[in-house]
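Here the protein sequences line up with chains A, B, C and D, keeping their order. Sequential numbering of the first sequence, starting at 1, is according to UniProt numbering. Sequential numbering of the second sequence, starting at 1, is according to UniProt numbering. Sequential numbering of the third sequence, starting at 1, is according to UniProt numbering. Sequential numbering of the fourth sequence, starting at 1, is according to UniProt numbering.
Hints are not guaranteed to be accurate.
Which bits of chain B does chain D cover? Going by a derived footprint, with three or more residues having C-beta under 8 Å, they are [what the hints assert, rightly or not]:
(1) 43-50
(2) 133-145
(3) 273-280
(4) 287-299
(5) 302-316
Worth flagging that the hints you see were computed from the coordinates, not collected in a lab. On a predicted model such as this, the values are computed, not experimentally measured, just so you know. Where a beta carbon is used, it is the ideal one built from N, C-alpha and C, also for glycine.
Protein chains: 4
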Amino acid sequence: MIIILKAGVGEADAKELVQKIESTGLKPLYMPGVERTVLGAIGDERVLQSLHLDSDPRVDEIKPILSKYKQVSRELNPIDTHVMLGNHAVGGEKFTVIAGPCGVEGRDQILDVAEMVKGHGVAALRGGAFKPRTSPYSFQGMGEAGLKLLKEANALTGLPTVSEVIEASDVDLMAQYVDGLQIGARNMQNFRLLEAAGECGLPVLLKRGMSATIEEFLLAAEYIVNAGNPNVILCERGIRTFETATRNTLDLNAVAYLKRKTHLPVLVDPSHGTGIRELVAPLSYASAAVGADGIIVEAHMNPKEALSDGHQSLDGNDFAALMSGLRPFVEAAGKRL
Amino acid sequence: MIIILKAGVGEADAKELVQKIESTGLKPLYMPGVERTVLGAIGDERVLQSLHLDSDPRVDEIKPILSKYKQVSRELNPIDTHVMLGNHAVGGEKFTVIAGPCGVEGRDQILDVAEMVKGHGVAALRGGAFKPRTSPYSFQGMGEAGLKLLKEANALTGLPTVSEVIEASDVDLMAQYVDGLQIGARNMQNFRLLEAAGECGLPVLLKRGMSATIEEFLLAAEYIVNAGNPNVILCERGIRTFETATRNTLDLNAVAYLKRKTHLPVLVDPSHGTGIRELVAPLSYASAAVGADGIIVEAHMNPKEALSDGHQSLDGNDFAALMSGLRPFVEAAGKRL
Amino acid sequence: MIIILKAGVGEADAKELVQKIESTGLKPLYMPGVERTVLGAIGDERVLQSLHLDSDPRVDEIKPILSKYKQVSRELNPIDTHVMLGNHAVGGEKFTVIAGPCGVEGRDQILDVAEMVKGHGVAALRGGAFKPRTSPYSFQGMGEAGLKLLKEANALTGLPTVSEVIEASDVDLMAQYVDGLQIGARNMQNFRLLEAAGECGLPVLLKRGMSATIEEFLLAAEYIVNAGNPNVILCERGIRTFETATRNTLDLNAVAYLKRKTHLPVLVDPSHGTGIRELVAPLSYASAAVGADGIIVEAHMNPKEALSDGHQSLDGNDFAALMSGLRPFVEAAGKRL
Amino acid sequence: MIIILKAGVGEADAKELVQKIESTGLKPLYMPGVERTVLGAIGDERVLQSLHLDSDPRVDEIKPILSKYKQVSRELNPIDTHVMLGNHAVGGEKFTVIAGPCGVEGRDQILDVAEMVKGHGVAALRGGAFKPRTSPYSFQGMGEAGLKLLKEANALTGLPTVSEVIEASDVDLMAQYVDGLQIGARNMQNFRLLEAAGECGLPVLLKRGMSATIEEFLLAAEYIVNAGNPNVILCERGIRTFETATRNTLDLNAVAYLKRKTHLPVLVDPSHGTGIRELVAPLSYASAAVGADGIIVEAHMNPKEALSDGHQSLDGNDFAALMSGLRPFVEAAGKRL
């Protein structure tokens, strides 16, 4: 850790801080400069937290050197993690496609779309039973009834299912019905929920918050792993920027960056990432090309009637076109569909 | 609501959509233009949700005319809401100052700071018992023990207390100890929590999410009010932008804008809004000038030893200077301190 | 155009505005609603500018229906534009790769890298002679001497050259030496420069401003085309967001979106778009997959010695790897390298 | 400067870099850590630029310690700069109000508004003759004819005038007619223009770019000062963020921050900063409270007829109300109007 002192802080003060650093067992460094003094601390700088140096009025800035996350870091664990979603290994040689409607809306709706996407060889079925909606007047999901329909779709097609959990106290209920928990963008820093998901053994598909930095995203994953669950799948789903032509700005830089920083698998959600049906396919291809481990896509037999996100959902024809269009890019990336 | 059709959509399709609008009881409008056709729907456009027009592939864009929120809207309810925090009316003639440490860290810590801020005439004491922290390795708060200390501080000083709730299932516990619930920026769209806070009668200090638009902020408040609790205090606490010199970008435009759009009181948090101790006072003055109903400020007897946010906390001297510096601006704004 | 009046504006005022609209020759619409009145204007709404309705205190909001750009719009001109850069058609079947150093630094430097990239079959050589730099103390480019070296590199390799122009008065000078003008992100709204580039016949590679919306980007292109030069190549180079792990956030959504909105070719600059050498290749692949017409990449024989942008420049080995890695993605996209 | 090496870089490589640092005359520091090695360089780190350490593949990150700007820094020059605009000292005890129309549109328009604002005691008159406009189809300003009218307004009222310059080659022309040059947000990094303004003796009102960091803003000012002109006035005018309810997000944090980092005067433009007429007054008050040296405000006798920015312009009544409302806040801030 590098500690930059304010201009004008004298030697006595600096030396006092050096002693504080030394008292934690770290090796201190004292670097008096022309305009200001810089201190260093060599060792596991996480122990320096107890000193609260960033609160010291003599300190201008703290520059950490080590990442704040450990267990999800590729530096400490270079081998790719494979997360088993049913029998499918996310993060392995196969490019993972998870598809299904935004929300479970009824028996026919979910079973029909499950069969359709199954026919195209997807790895898992998605569908929300509890929907976090910006307005209290929007469709809030079917709740447990929706989970039961997901279970039925799983029985029918054999596809593992993934569904969003929006509260810690729902984790056990969800675990009775689905094969993977999704934690949505709005809950990426709902730390109670992260911990509850960490205490459960199910795979967790963790979506990046819409204004979360990559470091915060990895720290959210660290919460889950630290609570005992190593089965975390990261998902880039677009960040909020000044651009309004698209619903979000899909950050594919982040995918390539994450693949270098963490051993966890990384998926992309081009449906939320763009918010525009016609852009889902090209951004899916780009996701494969940039090195993502898969995509999660909204599909609906009749998007016009969808109770949420219809404008970004693919129908049967669109989905067929996506899957055939995707194949050469997946193969170019050295993976299989 | 205005519905813009894609270029090339013909009269037959447009007329079919017109009939759908008519079927909801709204008055439709048909505007064939040179380059594209535009439809209108006059009446309470919220009923149009059931049509899912934004999912229709013939529709290019939907432009709503009415705001999505109702109960928090000044248009529908022009009279300022006063929220009673203990005996203090937030939103009234007195400029509200809420102060205290980021987190409750121990008995002496919280009692000492409570007495200090009480001495300066603040309206309420703040202090977190459950701390949402970016890293799982940071101090997570004292939990219920912290709440008990807040209760003790209240008994000692008479100051009403406000503390952050981070999960729906904690609301009842919190209600035993504190006078106001804070919902933090990271939970602004934790809809279960909003509903739980709505079912409780306590005042709710709702902080703006760090990438929430003003409309989303008001819709989050609408969740609470719609669940039965009209006692909502909004709090601008800085948004996330590209600027990194300050921790967040305090959006005082939003304060002036909110005062025109909603009847709810609006506070400002200059501590999180700047993240820099030296900037807390000038931004507090600016908050009073722009028309805010008050501020919430972090104070600590010894910021150097604070377990969180010490770098932005004021000590006793800083706090005294803030309060005396603030007075003329509050008076210029036609309020009292 | 849709004109939403403020709540409370009465019929007489609305009718006066309707007459103003009618006076421009457009067909007006009058839609009195429950909460507010909405007006419409059918026809070429660009003539409404003269009414300055957005300044009228009775008007709450103006919602334009037509795009503000015309000549660059695919709706008005659906056929892809091919821009000739030397003998190479940008926007055609071949995927365009433009490569070279950030800045021209000396004779050997530019000739060596020109031969290297030529050996890999690139379409054109890039290299800056006038460098816009954030700090006045950074290397500002070789000026005309650099242009002469680019001309020499062109003579040696036959590669057409592209170089940045930073001021209107330099356009004629540049035109003596290079085959294409680059207008950088910082100058995307230097309207004098856009007009000067529009009066010159050379191809213009227009980079998106770092906080420019897609609409502003297209309007900047419209300036050039409107001044008489149809040879505009758009270039997405990353936008500024809250994320700091990468230098910018490369917006590949924008590429797919632009391909649908405009007939102009669209390139991607993954070097500035990421700012990290290791991310250039994966984002180049993603650019090909998303449908870009090509990439522009920084290459340098010895990035360690580069006077600018060395951290994001590829050396000979990196560049060879990029080109061979790129091929299957370009082919998957139905183009040739 | 702190240089963090990549994990796995060995002692030999680190020592080679240490020698390079030593060769520049700086004192190097070698800090081998548990997970990675850190190097330091003590002295004027600006000389390290010549090493291009950020391009070295062994280097993970460079953390500068000193600011990149010098001449505008308060650390190096703690005394407030006063910039003379005519006889008025910007940055002194008087709070500076500059007012006038967005653009000069005609003789009566500019003379009338000049007399109106003069009557309220403003320090200077603003008005654009060359207008940078997003669309090529918008009003582009009157050009030199507009400058002549400004000169006439100056003769009539005695008010010094400020007008925007949009190209380096126009500086001399402008200098014949106006008392201060404005460099607009879109040209904040038009470095040729900064240099040209630096070679001219006139006061320069430099607006912050809409996505410029505070550091980039100060470096732009440094360009002007470094070219020989110390008369720079900074102007915060709102930054571009995700929020679209207001035209920009006025960053008053930046004003308080700038006042601590630089000796240059800092104004605020609440007209562009909000884009909404009704918000101009409250944000003007907040600007005074936060410590700004003044404001620049758009005023027009008949905003409904304004050729640009009418929606954010104040008319005579609004302007009178602003000036009387402003007074108590200016006085609370210890300044005079």
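Evaluated hints:
no.: 1; hint: 43-50; result: violated (count 0)
no.: 2; hint: 133-145; result: violated (count 0)
no.: 3; hint: 273-280; result: holds (count 5)
no.: 4; hint: 287-299; result: holds (count 5)
no.: 5; hint: 302-316; result: violated (count 0)
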